[in-house]
Amino acid sequence: NAGVTQTPKFRVLKTGQSMTLLCAQDMNHEYMYWYRQDPGMGLRLIHYSVGEGTTAKGEVPDGYNVSRLKKQNFLLGLESAAPSQTSVYFCASTWTFRTTEAFFGQGTRLTVV
Amino acid sequence: GESVGLHLPTLSVQEGDNSIINCAYSNSASDYFIWYKQESGKGPQFIIDIRSNMDKRQGQRVTVLLNKTVKHLSLQIAATQPGDSAVYFCAENIIPRGSTLGRLYFGRGTQLTVWP
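Those protein sequence lines, which keep their order, are chains A and B.
Residues 1 to 113 in the working numbering are what the first sequence spells out, letter by letter.
Residues 1 to 116 in the working numbering are what the second sequence spells out, letter by letter.
Bound conformation, chain A alone (with noise of 0.2 Å):
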């Protein structure tokens, strides 16, 4: 049982460069959730999910999207990158509503130059 897998682990981008990051969970949860993380800072949320075919944005929604075609996937796209995209990116998952059990991704570390 995997959990939550992010790919990739690590990525630099030039600045206007685009990628996508990939979560995968095999938990068959409901809820996803696209998180980054800044040094000093917790974690911002950026996009959720609440099911397959759907997604909001979260606090931090800005120069990023996202989609959820299938319930386990759930992409997280940057179409020009920006050097205030350098972080640290975390991937989440929930049964319910109720967010309190987060299930989270060991982390992509992006740098953007």
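Source of the hints: derived by calculation from the structure; they are not laboratory data.
Far from chain B by the CB rule (all over 12 Å, computed), these chain A residues:
no. : residue
1   : Ser18
2   : Leu22
3   : Gly63
With a cut-off of at most 27 Å between alpha-carbon atoms, the simulated DSS-like pairs for lysine-lysine come out as follows:
no. : chain 1 : residue 1 : chain 2 : residue 2
4   : A       : Lys9      : A       : Lys71
5   : A       : Lys57     : B       : Lys37
6   : B       : Lys42     : A       : Lys14
7   : A       : Lys70     : A       : Lys57
8   : B       : Lys42     : A       : Lys71
9   : B       : Lys37     : A       : Lys9
10  : A       : Lys57     : B       : Lys42
11  : B       : Lys42     : A       : Lys9
Since this is a predicted model, take the numbers as computed values, not measurements.
All residues carry an ideal CB built from backbone N, CA and C; glycine is no exception.
Go by the hints and put chain B onto chain A.
Coordinates of chain B only, in the frame set by chain A:
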């Protein structure tokens, strides 16, 4: 916006001692408060939660205390071990009005270091 914060960014304790990590919150609409542990290079891991109508909850070696009067949350770790070294985040679960989905809002984290 973020309303959960921690008092100290770092805490050092000796192995075997008890640790107390504190957190202050300002949003009274939270229905749950949660503690997460994040080890270096890993994602956060759920430790324990407490419903907003409770004032104490115990787990294995951990106790969470909630003081709603002063809007204070704490995590107590008994007999701290080297494996407890990590960043600890408090978080609150808020279900926005008109929504059925709770959201987690995280504080900034406290780095706990356990020395022998």
